[in-house]
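Student: Listed below are the residues making up each chain.
Number of protein chains: 2
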Amino acid sequence: MSKVFQATASAPVNIACIKYWGKRDTKLILPTNSSLSVTLSQDHLRSTTTSRADPSFAEDTLWLNGKLDEIKPGGRLATCISEMKRLRKELEDADPNAEKFSHWRVHICSHNNFPTAAGLASSASGFAALVYSLAKLYQLPASPKELSLIARQGSGSACRSLLGGFVAWREGAAADGSDSFAEQIASEADWPAMHALVCVVSDDKKDTSSTAGMQRTVETSALFSQRLTVVPERMRAITNAIQNRDFDTFAAITMKDSNQFHAVALDTDPPIFYMNDVSRAIITVVTEYNRVALEKCGQRKAAYTFDAGPNAVIYAPRENMKEIIELIVSYFPQESFNDPFQLFGSAPVQGRLMDGFNEGVSKRFAIGAVKTLIHTCVGDGPRVRGDAESLLGHDGLPKSLA
Amino acid sequence: MSKVFQATASAPVNIACIKYWGKRDTKLILPTNSSLSVTLSQDHLRSTTTSRADPSFAEDTLWLNGKLDEIKPGGRLATCISEMKRLRKELEDADPNAEKFSHWRVHICSHNNFPTAAGLASSASGFAALVYSLAKLYQLPASPKELSLIARQGSGSACRSLLGGFVAWREGAAADGSDSFAEQIASEADWPAMHALVCVVSDDKKDTSSTAGMQRTVETSALFSQRLTVVPERMRAITNAIQNRDFDTFAAITMKDSNQFHAVALDTDPPIFYMNDVSRAIITVVTEYNRVALEKCGQRKAAYTFDAGPNAVIYAPRENMKEIIELIVSYFPQESFNDPFQLFGSAPVQGRLMDGFNEGVSKRFAIGAVKTLIHTCVGDGPRVRGDAESLLGHDGLPKSLA
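Residue numbers (the numbering used here), protein chains in the order written: chain A, 1 to 402; chain B, 1 to 402.
Hints in this document: simulated from the structure, not taken from any laboratory. One or more of the hints may lead you astray.
Any copy will do: because identical chains look the same in the list, a pair fits if it lies in one copy or spans two.
Claimed, not checked - Here are the simulated DMTMM-like cross-link-like pairs (lysine to aspartate or glutamate), alpha carbons at most 20 angstroms apart as the crow flies: (1) Lys363 x Asp203; (2) Lys363 x Asp207; (3) Lys399 x Asp248; (4) Lys296 x Glu146; (5) Lys322 x Glu92; (6) Lys399 x Glu59; (7) Lys27 x Glu323.
Construct the complete structure from the given sequences, taking the supplied hints into account.
Tutor: Quick look at the structure:
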């Protein structure tokens, strides 16, 4: 029985607090501004990828969520795969004892444990898992930072999913992108109390893809250049806040930056909308929650942020999360709630408002306006997975197709 | 029978193409930027006000839409009334033959012919009608421009309702506000084909008042200062476009400026939202309509704009309006439609999409999402109304209360 060249890895989702919106180089995916995100736990949301190299494979092939995906020549997938093969080739050339398989074709099988219909961005975790599984397959000594340079060329925000904890993506200045990488500014162990509640919001409108949308903003928004002058100070301030576990400052900056990102999207011609009436109601409810909290204890207790879609992610210290879930359920009732942190014991989650909360700030929505709530926390970077979790069968084809 | 000192006037609504948002002086109501609006026809939307002075009146009293309204000392109403009395006093002091009644108390009765529930801003037409009726009562020689300085102190945008056609409100530079007035840049006769469709949109959220909202933007939006650098060129360009009846340029600037105003509102902390999902759908539908028009004839055919609320106003040349109404009715069906320009004859209005229109750009809404459509056009400035239209009875009290 011949040796199998294969590796399986998983990678996390990340949700930015300082948003990435705009490229200065669309081919290399170099951003117009630095960004910063929180890596969410893979215990709840992850992409898992198995990569295998074999001399018998006729061509590089990728299956995503059980379906064959096209690897377009010169496209983003092809770039990531050829960059990883190039690194393996370098290693082979430098070490006469290294096994020579960088020229073999690969089969790659990837799976997200969250439904695409949930509207959660899967390209970040997906490209991070792809790059990380290939790095393990090729036994590369590359650091997460080096791998982030490659994942970035698959999907910009994917570079931030190569690390756990709190991650900055430096915009860099080099024309070749060599200084536009991700680095950890604090680990998940530095601030383990950072929790997140993903509110999956229904949507029946057509989305503008973020790739197309961000370049339209760069080209047409008269306000966009001002945003670029604002971000560096926000990066400094939120990094400090994270390193000092200053949630109040973290929350203030996170919410402002989410709103500013959506503001420049709206200032685009034609305008781009990602938030809908439910998103706006979540903002209103969190704003009122913080108003009461500021009055009572001088500190914000939650921070919303919205990516290029209607879903909210609410960051909060673990100790506030029960109260926040009860608040959200009051306005956006749920059929059921999965309670991974055992906040509610065996009792069903009931809506409840904190003392002093002005319940008239928003109307109450029907079941389904927020489709599901996912409670998670800050987590680690990509993980190597054992062979038992391989997505490819002995025949090198997806197990899900067997 | 003694002489009655009384005048009745009506004043129009105006809807800005370059938005007023932000004060540099909150007491004098001096704006941070110039703005520009279209005055809508009083045949369809107007405020009517009767003012009477009488030695028997015990105090200045105002009724708005049949209800007693408080004239707060030092407030905006009190300022407008006392400024008008001051001008009368100057006239009396200068002319020994002038009748002396500037010291008498006044009764003022005002009525809007559109329901407050429609969510149309009535403060502009209301303060313009108030000031104009007092100017007639006091037989002042003041020009509309001079009166606009006073109406401005009641409600900023009211200054633009003192003139018909296309009106610029100059931001001015003087600390006393003496150069922050409205002036006509083109009359309604210069471009009579300019029509407007008001789409009254349902809303169940709480609004942030524009007075409070705009100052929060000035204080907290990091993008707002950039807007101030953008507006002067837009003012120049749209003035040119209007004077040349260049609808395409007028439309491009109008839509961009509406979106930018809502963008800085969203960049405010906490953020301010005025548009809702129906507003966004109207934008999407007009954007697609213009896309087809640009493809077919290289010209935009409609321009949306949104004030501090969810209602859309769609500007378009008269010749496009039938097509636009059919388009809007396709997505936002109406129980009925008042057809003042006889576009549809006796047939009911049916939804219809132009050739090439991608009908999937938006879902179709239910009846009631757009509560009503009001078709109107550019119109003239305030009008003197005859005694038959007086809102006050012989006893100096509102006829509506008799």
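Student: Checking each numbered hint in turn, tell me which of them this model violates, lowest number first.
Tutor: Violated hints (numbers, rising): 3, 4, 5, 7; every other hint is consistent with the structure.
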